[in-house]
Amino acid sequence: MKYIDPHIHMVSRTTDDYARMAQAGCVAVTEPAFWAGFDRSSAQGFYDYFRQLTDYEPRRAAQFGIRHFCWICINPKEAEDPAFAREVIKFIPEFLGKPNVLGVGEVGLNKNTRNELAILEEQIALAVEHEQLILVHTPHLEDKLKGTRLTMDALEAAGAQPGRVLIDHVEEHTVGEVLGRGYWAGMTLYPDSKCTPQRAVDIIEQFGSERLWINSAGDWGVSDPLSVPKCHVEMLRRGHPRELVEKISYENPRAFLSQSPKFSLD
Amino acid sequence: MNDTPCPMPRPDVIDTYFQEHRAKLIDIAAFLDRVDRSSGGVDDDVRVRALHKAIPLLIDGRGDRARRILELLSDPTTDPVDQAPAKGAIGVDPNGSY
Numbered sequence: 005m006k007y008i009d010p011h012i013h014m015v016s017r018t019t020d021d022y023a024r025m026a027q028a029g030c031v032a033v034t035e036p037a038f039w040a041g042f043d044r045s046s047a048q049g050f051y052d053y054f055r056q057l058t059d060y061e062p063r064r065a066a067q068f069g070i071r072h073f074c075w076i077c078i079n080p081k082e083a084e085d086p087a088f089a090r091e092v093i094k095f096i097p098e099f100l101g102k103p104n105v106l107g108v109g110e111v112g113l114n115k116n117t118r119n120e121l122a123i124l125e126e127q128i129a130l131a132v133e134h135e136q137l138i139l140v141h142t143p144h145l146e147d148k149l150k151g152t153r154l155t156m157d158a159l160e161a162a163g164a165q166p167g168r169v170l171i172d173h174v175e176e177h178t179v180g181e182v183l184g185r186g187y188w189a190g191m192t193l194y195p196d197s198k199c200t201p202q203r204a205v206d207i208i209e210q211f212g213s214e215r216l217w218i219n220s221a222g223d224w225g226v227s228d229p230l231s232v233p234k235c236h237v238e239m240l241r242r243g244h245p246r247e248l249v250e251k252i253s254y255e256n257p258r259a260f261l262s263q264s265p266k267f268s269l270d
Numbered sequence: 004m005n006d007t008p009c010p011m012p013r014p015d016v017i018d019t020y021f022q023e024h025r026a027k028l029i030d031i032a033a034f035l036d037r038v039d040r041s042s043g044g045v046d047d048d049v050r051v052r053a054l055h056k057a058i059p060l061l062i063d064g065r066g067d068r069a070r071r072i073l074e075l076l077s078d079p080t081t082d083p084v085d086q087a088p089a090k091g092a093i094g095v096d097p098n099g100s101y
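Protein chains in written order, with the numbering used here: chain A, 5 to 270; chain B, 4 to 101.
Since the hints were made in silico from the structure, they are not lab data.
Please note that a few of the clues may not be correct.
Covered, in the sense of this in silico footprint (three residues per stretch, anywhere, with C-beta under 8 Å from a C-beta of chain A), are these stretches of chain B [claimed, not checked]:
#, segment
1, 9-22
2, 78-86
3, 94-100
FRET-style restraints, in silico, Cβ to Cβ [claimed, not checked]:
#, chain 1, residue 1, chain 2, residue 2, range
4, B, PRO97, A, GLY49, 28 to 36 Å
5, B, SER42, A, LYS102, 20 to 28 Å
6, B, ARG68, A, ASP228, 39 to 47 Å
7, B, PRO97, A, ALA66, 44 to 52 Å
8, A, ALA87, B, LEU35, 40 to 48 Å
Built from N, CA and C at the ideal position, the CB exists for glycine as well.
For reference, chain A alone in the conformation it holds in the complex:
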């Protein structure tokens, strides 16, 4: 079954993972800019990372017939130093014009600090000014509920259109409010945190399939680049129709991402 993994950090994955994902039906990935597991020592480090996302990685994916798109931003874990973050923000517009860049992301909050919020607001303003889609990272564990609400408040204050914003890493305590305020919601399938495939299917059963997608967010940590097709198996074994599986993991991401004229599967 063909699918899109709309959130995966392929710079952290091996070429073998591309091969396995292609064999499992993956036709496209979108890769948000994120934290590398350590703080970069200079803004130039981000510049090179953005070059990797916009130049090298699409060519690596293409070897396996997978379309590669990405999102550009400074992530919330490195936004605590506003002066440093603003150095990075200065050259983001240069990358927004690249052919595989769909928007600004994954922006958001980590520990819900004032500095993180200020940098989030500046990047939302940048996205609105440049008419970009926005992909939002929501905080981990005990910080998620508060951070999700602060982020939606900031988006609304900036005049961002909810239909052009995907709020990711939702769980049972945030998905209802995210969908209720008009945003798209992403469920991240992780073995130990966020959603397991079983819980993601529970959420689909409770909240429906509108404006909802699933992703692996595979990265350098405990994660699984094949979690999306594993969630397909979970849906099918419960008796859900193939049409619903395709809607969640192909039609929905395609509909959201196609709001960017650069997104194409042709």
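Fit chain B to the given chain A structure using the hints.
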């Protein structure tokens, strides 16, 4: 909220998932035993207290257990903080009255 029933019949749900969740229940029991058998650190770690407070929600007879437990473990405040002590999260509200 859509609240579509799970299309899998209840006996099949139990057949499919019981063993996995039985194992998780034993894991929690063994973890709490392990904490009791260990020494050092604080006697009443906030994470363990939060776990003790969350467990009764599993059997209080009400639905939405996952959502309610996630809310119990969340920071309930609404204002951004001036500074965070670290980048990471611990899994429960460190200032919670568990």
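So, going through the hints one by one against the coordinates:
Coverage of the segment 9-22 of chain B by chain A holds [criterion: at least 3 residues with CB-CB distance below 8 Å; count 5]. Note: the segment 78-86 of chain B has 8 residues with beta-carbon separation from chain A under 8 Å; the three-residue rule is met and the coverage holds. By the rule of at least three residues with a Cβ nearer than 8 Å to a Cβ of chain A, the coverage given for the segment 94-100 of chain B holds, with 4 such residues. For the pair B:PRO97 and A:GLY49, the supplied restraint of 28 to 36 Å holds, since their beta-carbon distance comes to about 31 Å.
Remark: the range hint 20 to 28 Å for B:SER42 to A:LYS102 is contradicted by a beta-carbon distance near 56 Å. The hinted window of 39 to 47 Å between B:ARG68 and A:ASP228 is violated, with their beta carbons roughly 25 Å apart. Range check, B:PRO97 to A:ALA66: Cβ separation about 46 Å, and the 44 to 52 Å hint holds. Taking the beta carbon of each, A:ALA87 and B:LEU35 are about 46 Å apart, inside 40 to 48 Å as hinted.
Figure legend: structure checked against the earlier numbered hints; hints not met, in rising order: 5, 6.
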